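**Student:** So you can see what is in the structure, the chains are spelled out below.
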Amino acid sequence: MAFTAFSQSAKVVDQAPKGKSWIALILLAPGIAYMLLFFVAPFIQLAITSLQAPAEGHGIGQYVAGLEFINYWTAIQQYWPQLVRAFIYAVIATIIGLLISYPLAYLLGVTLRNRAMLQGILLILVVAPFFISMLLRTLAWKSILPVEFIGTDGSVIFGLIYNFIPFMVLPMFASLQALDLRLVEAGTDLYASPVTVFRKVTLPLSMPGVVSGTLLSFIPMSGDFVVASRSFLGSTDTAMIGNVIESNFLQTQNYPMAAALSIILMLAILVIVATYVRRSGAEDLL
Amino acid sequence: MRSFSFGKALVPVVSAVTLIYLLLPIAYVVAFSFNERRGRNNISWNGFSLQNWQNPCGAPQVCTAFSNSILVGVVATVVATILGTMIAIALVRYKFKGRSTVSLLLFTPMATPEVVLGAGLAAQFLLAGVEKGIGTIILAHTMFCISYVVVAVKARVASLNPAIEEAGRDLYGSPTQVFFRVTLPMLMPGIIGAALLSFALSFDDFIITNFNSGTATTFPKFIYISALKGVPAQANVLASMVFFGALLLVIIVQLVNINRAKRLAKI
Amino acid sequence: MANHELKQSGADLRLTGIQKRFPGFTAIENLDLEIPAGSFFALLGPSGCGKTTTLRVIAGLEDPTAGQVLIGGTDVTALKPHKRPVNTVFQSYALFPHMSILENVAFGLRRRKVGDPVAKAHEALKLVELDHVSDRKPAQLSGGQQQRVALARAIVNRPALLLLDEPLGALDLKLRRQMQQELKQIQQEVGLTFLHVTHDQEEAMTMADTVAVMNKGRIEQMGAPEELYELPKTVFVANFLGQSNLLSVDVVGGNDQAIHATLAAGGGSRISVARTRTERDSGTITVGVRPEKLRMHQTAPAEDPGINVIGPGRITDVSFIGVSTQYTVDVPGIGNVEVFAQNLEAGPVGHLDDEVWLSWLVEHTFGLADDHLETGALTTEFSTQVIAAQAAE
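Protein chains in written order, with numbering that gives the first Met the number 0: chain A, 0 to 285; chain B, 0 to 266; chain C, 0 to 392.
Honestly, the hints are just simulated from the structure, not real lab data.
A portion of the hints provided could be inaccurate.
[Stated by the list, open to error] Calculated cross-link-like contacts (lysine to any residue; reagent style SDA-like; alpha-carbon spacing at most 25 angstroms):
{"#": "1", "chain 1": "C", "residue 1": "K173", "chain 2": "C", "residue 2": "E188"}
{"#": "2", "chain 1": "B", "residue 1": "K94", "chain 2": "C", "residue 2": "G72"}
{"#": "3", "chain 1": "A", "residue 1": "K141", "chain 2": "B", "residue 2": "N256"}
{"#": "4", "chain 1": "B", "residue 1": "K220", "chain 2": "B", "residue 2": "I42"}
{"#": "5", "chain 1": "C", "residue 1": "K82", "chain 2": "B", "residue 2": "E35"}
{"#": "6", "chain 1": "C", "residue 1": "K136", "chain 2": "B", "residue 2": "P188"}
{"#": "7", "chain 1": "C", "residue 1": "K82", "chain 2": "C", "residue 2": "G72"}
{"#": "8", "chain 1": "C", "residue 1": "K232", "chain 2": "C", "residue 2": "D353"}
{"#": "9", "chain 1": "B", "residue 1": "K7", "chain 2": "A", "residue 2": "A177"}
{"#": "10", "chain 1": "C", "residue 1": "K82", "chain 2": "C", "residue 2": "G23"}
{"#": "11", "chain 1": "B", "residue 1": "K7", "chain 2": "A", "residue 2": "R181"}
{"#": "12", "chain 1": "C", "residue 1": "K136", "chain 2": "C", "residue 2": "L174"}
{"#": "13", "chain 1": "B", "residue 1": "K220", "chain 2": "A", "residue 2": "D236"}
{"#": "14", "chain 1": "C", "residue 1": "K292", "chain 2": "C", "residue 2": "D353"}
{"#": "15", "chain 1": "A", "residue 1": "K141", "chain 2": "B", "residue 2": "E35"}
{"#": "16", "chain 1": "B", "residue 1": "K94", "chain 2": "B", "residue 2": "E35"}
Here the structure is a predicted model, which means the values were calculated and not measured.
Using the sequences and the hints, build the whole thing.
**Tutor:** Quick look at the structure:
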């Protein structure tokens with residue numbers, strides 16, 4: 000009966016999933032086992048580590064199992080400035096990133112819709128940063144920007160915005176590319192000014208792209224430690240939560256502290272993202 | 000009318016500024032691959048030279064790190080592409096208990112900051128007493144690559160018209176024959192795209208690698224370590240080579256697509 | 000177009016007690032059907048009537064909940080699609096996008112390891128006059144060409160039974176009419192048994208030897224196209240196949256040849272129906288007549304036992320459509336009656352608000368088995384998407 004549903008217009012076809020479940024099991028088993036072993040188990044491990052107590056004799060990096068919930072309190076007491084700073088940086092960088100990326104996405108998806116060649120060239124330029132080392136590009140800014148600017152809040156935010164522009168542009172481009180321009184014409188026809196048409200038609204219809212672009216940028220930004228590190232665009236005054244996790248884990252080998260901070264970061268992101276998604280009315284996009 | 004033309008100008012002007020912002024550092028990296036060598040430092044311009052391009056492995060460790068990155072990228076991509084494609088097919092085509100849980104399991108790594116993923120895996124390896132090195136890097140990269148492969152291939156599987164596979168069965172193809180002669184070839188563009196994405200993510204990953212590499216070095220880690228003392232120009236050379244290679248590949252694919260679209264439009 | 004290589008008569012198909020249930024609804028209810036070998040059989044019905052499900056059950060793409068499928072006398076109910084001597088021309092054509100036209104056509108031959116698949120594929124492509132595009136990809140062909148490739152890809156296997164699932168649905172009207180002719184010609188050429196599923200009554204009537212009208216998972220009536228048209232047995236068939244004027248009448252008597260009735264709403268007109276042309280012969284029944292069989296009169300026609308008369312009524316609408324003029328006549332106690340009059344004169348003969356009587360020959364009257372038109376679908380939302388979604392639950 001499903002044949003009549005195969006009209007050319009339907010891109011995603013209704014595929015009644017109905018195969019035998021043992022085939023599904025064979026297909027899933029290796030990959031799921033892998034994810035359980037290298038994604039779920041590490042999370043549990045992180046939780047266990049975050050509650051560990053220092054071993055007798057206080058050897059560096061020596062810890063024993065425990066239930067030291069106090070570790071979380073210590074972590075927050077000691078590192079709340081870096082945590083708050085990370086989120087402030089990420090929020091500002093996401094907002095500015097959105098403001099400068101949307102016009103580019105609009106140009107690609109709407110203005111150049113019928114000019115395949117130019118659109119293709121610009122798209123290649125947008126993805127070009129993916130082809131060249133992110134660390135080298137970030138370092139390049141260190142040489143390009145004025146020396147006095149390096150190591151400030153501004154330089155770190157500047158670097159964060161820079162690194163995530165493509166992640167912002169591409170999802171919004173996909174949404175705007177799919178926008179039916181007749182709706183914009185209909186808005187104009189119904190006495191809406193260009194600004195009103197943008198606010199009432201174009202922007203709401205590109206919301207899925209805006210939401211995924213901002214999430215794809217905000218989450219990695221808030222955990223970043225490369226841009227804010229001293230050898231890149233930061234200084235000791237710009238340390239973010241990621242820098243603290245890194246130094247606690249890899250330098251001072253204070254694993255419980257690094258683990259507690261990781262879990263705090265994860266939970267904070269969860270709360271912020273959930274609030275954002277609810278506010279933007281985009282629950283069904285996820 | 001004045002405000003309208005202002006609005007009209009806004010989009011291209013902001014776009015141009017954003018593009019320059021995006022591309023300036025690339026130009027810088029490529030330009031400094033041609034910088035004449037004076038000491039280890041490659042920060043100030045000393046003059047044009049081809050010496051770095053003639054000897055890209057000239058700086059200690061740089062080529063080892065580079066080839067490690069390629070090894071990690073290739074192995075992680077191959078494993079992740081196979082496992083991820085299998086999962087993607089199961090998710091779209093089969094009904095089983097806990098399907099939404101599996102989807103969530105595969106989506107979450109992409110929504111987790113890398114520093115958390117890296118620290119978690121490092122804690123895991125620490126507990127298991129595994130010595131960190133190339134092996135642990137590969138294990139870590141395969142994990143996040145699987146997520147991206149599943150998402151990319153799933154979209155392709157979902158857009159397949161099941162009637163085409165039914166036609167295969169109708170035309171005397173056994174289930175195995177239909178899979179290998181009809182389904183898989185139709186999924187190929189999606190699978191290849193997922194593999195390229197997976198390789199790019201692995202090749203350029205630093206944060207997760209940093210937590211799980213021990214003494215082993217990858218190309219991004221090499222740059223991170225050298226950043227304080229000054230990155231040798233050879234790193235710029237190798238990065239530029241990758242850049243131009245990838246760019247060429249993408250341009251060829253684009254041209255082929257545009258040509259095909261033109262040919263189709265004529266009919 | 001003569002091609003003796005492909006000439007082979009198909010096998011007959013028999014469905015016994017086929018039933019297909021999906022969670023929440025029944026697509027086919029106890030279906031029995033026999034299609035003789037070599038015939039061109041059309042399954043006609045509105046969307047959601049179960050015709051495509053029937054086709055999929057025959058192809059093996061769907062397992063019936065109950066019943067058996069026999070092809071050439073062999074029970075194939077348990078066989079997987081790739082083991083059945085049946086091929087399908089899919090509605091969306093379902094050509095393999097990554098293979099050339101030639102490889103598409105040769106696919107089935109190669110799977111069955113038939114000798115010389117390339118030569119046979121070329122031959123089939125010649126039959127549909129597309130051999131010159133054999134090295135192209137499907138996306139490079141027009142819709143009509145793709146349709147013909149899909150046909151070649153199916154008939155090259157010389158299946159015992161060829162299933163066509165709304166194969167012309169995606170084509171524009173002109174191309175569709177042309178393909179109808181070609182398809183019919185090819186069927187006569189290759190002599191295979193064709194089972195064609197369509198919702199287009201004109202398509203079914205022009206192409207098929209036998210038409211089965213399907214509604215709500217059952218076959219309402221089956222027969223030659225002209226038989227179905229001239230003597231529909233149910234309200235559904237009377238309305239789905241062309242248009243009908245239906246009257247509710249009380250049977251008051253009769254003789255060996257005919258029954259006599261009066262309008263249920265009152266009024267003096269006597270309506271006669273031949274006993275051979277009515278499903279019921281007592282009580283209140285529904286009788287009908289096709290609009291083109293009616294004649295309009297300015298004055299009451301003389302009584303004649305061979306003629307049924309109603310009226311007077313008033314013309315409420317006149318539509319001139321070239322070959323004919325369509326009148327709507329409001330007859331008290333009956334309602335609107337449609338009359339199609341051929342334009343033998345220049346321009347309409349009746350005018351708005353004219354008082355007219357309507358007459359027709361007793362032998363054009365038919366008596367139906369039921370009285371009310373029930374909607375064609377089993378459920379109100381019986382679109383295929385809904386089925387797919389429900390099946391996926």
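**Student:** All the hints need checking, so say for each whether the structure fits it.
**Tutor:** Hints and how they fare:
At roughly 23 angstroms between alpha-carbon atoms, K173(C) and E188(C) fall within 25 angstroms of each other, so this suggested pair holds. At most 25 angstroms may separate the alpha-carbon atoms for a hinted pair to count; K94(B) and G72(C) exceed this at roughly 36 angstroms. Restraint check for K141(A) and N256(B): the C-alpha separation of about 38 angstroms exceeds 25 angstroms, so the hint is violated. Simply put, K220(B) and I42(B) have alpha-carbon atoms about 19 angstroms apart, close enough for the 25 angstroms limit, and the pair holds.
Taken as a hint, the K82(C) and E35(B) pair is broken in the structure, with Cα atoms around 72 angstroms apart against an allowance of 25 angstroms. Our distance criterion of 25 angstroms between C-alpha atoms is met by K136(C) and P188(B), whose separation comes to about 16 angstroms. Annotation: proposed proximity of K82(C) to G72(C) holds, straight-line Cα distance about 16 angstroms (limit 25 angstroms). At most 25 angstroms may separate the alpha-carbon atoms for a hinted pair to count; K232(C) and D353(C) exceed this at roughly 33 angstroms.
Annotation: proposed proximity of K7(B) to A177(A) holds, straight-line Cα distance about 21 angstroms (limit 25 angstroms). Proposed proximity of K82(C) and G23(C) is contradicted: the alpha carbons are some 30 angstroms apart, above 25 angstroms. The hinted pair formed by K7(B) and R181(A) meets the criterion: a straight-line CA distance of about 19 angstroms does not exceed 25 angstroms. Between the alpha carbons of K136(C) and L174(C) the distance comes to roughly 21 angstroms, so the proposed pair stays at or under 25 angstroms and holds.
The hinted pair formed by K220(B) and D236(A) meets the criterion: a straight-line CA distance of about 24 angstroms does not exceed 25 angstroms. As the CA atoms of K292(C) and D353(C) are separated by approximately 20 angstroms, the hinted pair is consistent with the 25 angstroms bound. For the hint pairing K141(A) with E35(B), the CA-to-CA distance comes to about 20 angstroms; that is within 25 angstroms, so the pair holds. Between K94(B) and E35(B) the CA atoms are separated by roughly 62 angstroms; this puts the pair beyond 25 angstroms, and the hint is violated.
Going down the numbered hints, you'll see the structure goes against 2, 3, 5, 8, 10, 16, while the others check out.
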